[in-house]
Structure formats: C-alpha cells, structure tokens
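Undergrad: Heads up: the protein sequence lines correspond to chains F and D, in order.
If you read the first sequence in my numbering, its first letter stands for residue 163, the second for the next number, and so on.
If you read the second sequence in my numbering, its first letter stands for residue 7, the second for the next number, and so on.
Think of the hints as simulated: they come from the structure by calculation, not from any bench.
The C-beta atom is built at its ideal place from N, Cα and C for all residues, glycine as well.
Please note that the accuracy of each hint is not assured.
As the list claims (entries may be wrong) - Listed below are the simulated DSS-like cross-link pairs for lysine-lysine, each with C-alpha atoms no more than 30 Å apart in a straight line:
#1 211(F) <-> 50(D)
#2 21(D) <-> 50(D)
#3 68(D) <-> 268(F)
What the hints assert, rightly or not - Have a look at the derived ranges for each label pair, beta carbon to beta carbon:
#4 177(F) <-> 72(D): 38 to 48 Å
#5 176(F) <-> 23(D): 43 to 53 Å
#6 78(D) <-> 180(F): 40 to 50 Å
#7 46(D) <-> 228(F): 20 to 30 Å
#8 74(D) <-> 165(F): 26 to 36 Å
#9 23(D) <-> 216(F): 48 to 58 Å
#10 220(F) <-> 45(D): 28 to 38 Å
#11 78(D) <-> 173(F): 39 to 49 Å
#12 74(D) <-> 232(F): 37 to 47 Å
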Amino acid sequence: AQSVTQPDIHITVSEGASLELRCNYSYGATPYLFWYVQSPGQGLQLLLKYFSGDTLVQGIKGFEAEFKRSQSSFNLRKPSVHWSDAAEYFCAVVSNQAGTALIFGKGTTLSVSS
Amino acid sequence: EAGVAQSPRYKIIEKRQSVAFWCNPISGHATLYWYQQILGQGPKLLIQFQNNGVVDDSQLPKDRFSAERLKGVDSTLKIQPAKLEDSAVYLCASKRTGNTGELFFGEGSRLTVL
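With the rest of the complex left out, here is chain D (with noise of 0.2 Å):
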C-alpha cells in the first residue's frame, strides 16, 4: 500500500511569511496526526484528527498555527506569520482505528525561517 505523502519535502521562508503543509495519509485510516520535530530532539504532537474532527489540539500555537481536515482525508497545517523558531520538520503521520500507538510517518517536510 502506499505510504503517507507530505509536500513540500523543503520549503524556506522568512520570518512573518507564510507556509502551508499537505499530507495525504495511507487510505483507510482515519486518524491523522502532526508532529513537529525541531533539530536534536524527539518529535512533539501538535495536533490530532479522528476523520475530519480534532481529537487534540492541545499543543497547537493557535496565534500562528492552523490545521484542517475537511474531508476526514487529506489534510493542510498552516503557519502565519512564521516565527524563526519555527524552523523544524513537520511530520504527518497515520494510523488505522484501534492500532494504538502503530502510526506510519511520512518523510516529513523541513521548514527553514530566515
């Protein structure tokens, strides 16, 4: 099957611009997360779909952040304005309903502020 698709793989950007991440998670899975991995550390949830709701959002900026899941499938996370400290790899990951804690990653999509 295939796997999670995120695009861009890079993206550079100056601080107060904006940027926009897309996933597409494996077919058939219905929750869809966001990491955020900031260099020499381990990735941190930002936030959590259940089809098109959100489970958690708890550790969402949501000064600058914003994500969505219109259609319980593909989804976009936004930063605006980008902060410097922003700059990290975003990762989107899945996984199918009742499979605790077996989520399958993208590649992820590394974001530079200037």
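For reference, chain F alone in the conformation it holds in the complex (with noise of 0.2 Å):
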C-alpha cells in the first residue's frame, strides 16, 4: 500500500531565510504527488503537484518541489520564507486503490521566526 512519510514533525525558520521539507513515498510505480499547506483556520490548499516530466515543478507563493526517483523523496522548498509562510504542511500521494482519493503524510509544522 502506499505511504507518506513526513520526517520532520516541526521545524522553525528565520525569516528570509531559505526552507526545505522532506517527503519520501512508498509507491510501486511513478507516483502522483502533491503538496498541501493548512493556515491556521482554513482549509488546506494545493501548493503544487507533479506527475511526470520535469523533475522540478513550481507551484504557488514561490514554493518548488523536487521529485527524485532515486530517494524516493519529493521535498518542498522555498529560497525566502515569509512570515505569513507558517502554518502546516502535508504531501500527498494519490492512492491506487479503487477511488482517486489522496493519501497524506502526518503533516510538518512550519513556525516563521523574526
């Protein structure tokens, strides 16, 4: 069955400074991953997703993400945080059971430090 794992459960940045979250998959074939952030109140939204071609894909509020088949691994990242930036972040991994539903990691807590 397919897994997200988010290794990191929380994780406090300077403002500016650059941000990486890692997410690694468990997933038989070429997944179809995805990055959702969730802001305090609200519900979560899609910051990008990849399914095949370039490796590197651009999503928004200047975040990227980076799919290595090798490392199994699809980390976000981002060259400035922002203070508005904090908030929880979750990847996700489209299951290949009979629906299309997503399948998330526990999600990382990004804290935006002045």
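Two chains, each in its own frame: build the complex with the hints.
TA: Following this line, the structure appears as structure tokens:
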C-alpha cells in the first residue's frame, strides 16, 4: 500500500531564510505527488503537484518541489520564507485503490521566527 | 467561485450522542470526499463519492459512521453513537472530474466528544 512519510514534525525557520520540508513516499509505480498547506482556521490548499516530466515543479506562493525517484522523495523548498508561510504542510500521494483519493503524510508544522 | 461549504464549524457532544455534518461542494464538482483529521495527524479518507455513488468507503467505520449524497450535490456525514476517539476535524473536499489530486477543501467541522 502507498504511504507518505514526513520525517519532521516541526521546523522553525528565520524569516528570509531558505526552507526545505522533507517527504518520502512508498509507491510501486510513478506516483502522483502533491503538497498542500493548511493555515490556521483555513482549509487545505494545493501548493503544487507532480505527475510526470520535469522533476522540478513550481507552485504557488514561491514554492517549488523536486521529485527524486532514486530517493523516493518529493521535498518542498522555498528560497526565502515570509512570516505568512507559517502553517502546516502536508505531502500527499494519490491512492491506487478503487478511488482517486489522496493519502496524506502526518504533516510538518512550520514556524517562522523574526 | 464559491468554495466548499461545511457546517457546523464546531460541535461539542457527549459520548454515545449523535452528530451530523453537512457539506456543499463547489458547483460542478462530481467527486466529493470526507476526511477525518485527528490532532497531530494528516487527513484520513473516510469516504469518496462520485456523483451520488460511493467509490470508496473502505475506511469508514460503518458500525457508527454513515454518509450520503442523495442528489449528487450536498452530502451529510453522521456519527451515531459517538466515541471519545471520534474527536477530530471532519473535512469535506470536492474535485472536478479528471483533475487528479486537485482537491478543494472546506474549512472543516471540529467535533469534540466528551
């Protein structure tokens, strides 16, 4: 069965510093991978997605992610973090069961310090 | 366009009582999902509908949880009787047919079972 692992429960980054959030997946074939963000009191919002092709994908809010098949990873990056980026970030993979639902990791909480 | 609407936003009940949550997806979105998000964890799929048919309910605790989407638009998720471990945020999401993984989430309904 597919699974997604986010090794870091909580990360603190200084405002203006770079960010990398880790995601590892377990999947037999080429996965469909996603990053979602959940801000306090708000619903989950899609940041970016990877289906195939270019392994470096660009998303909204200045985020990007790189798919590395050899490492089974899909890490999220941002060159310069803003205070408004403080939120919970979830990596997800599409289920290969009957439906097309997403399987989410446990999430990484990002705090931004001034 | 209007987003996914959910109600109530908050509900507190005692164990063994019943509760119902309502979801109105984005207009035209044929696929609807209910997820359960327990504090500190990622969302877990409970049920997926395609129009008014169930696609996947393999993780729905059917002895106490039920869901319906009678007219292929709004959906209701019911818990009866509630247990302490049902305390969670219940997220509704919808998706346009064909847009794999691109879910639009509501703000969620937070349930506390005492």
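Undergrad: What are the numbers of the hints the structure violates, in ascending order?
TA: none
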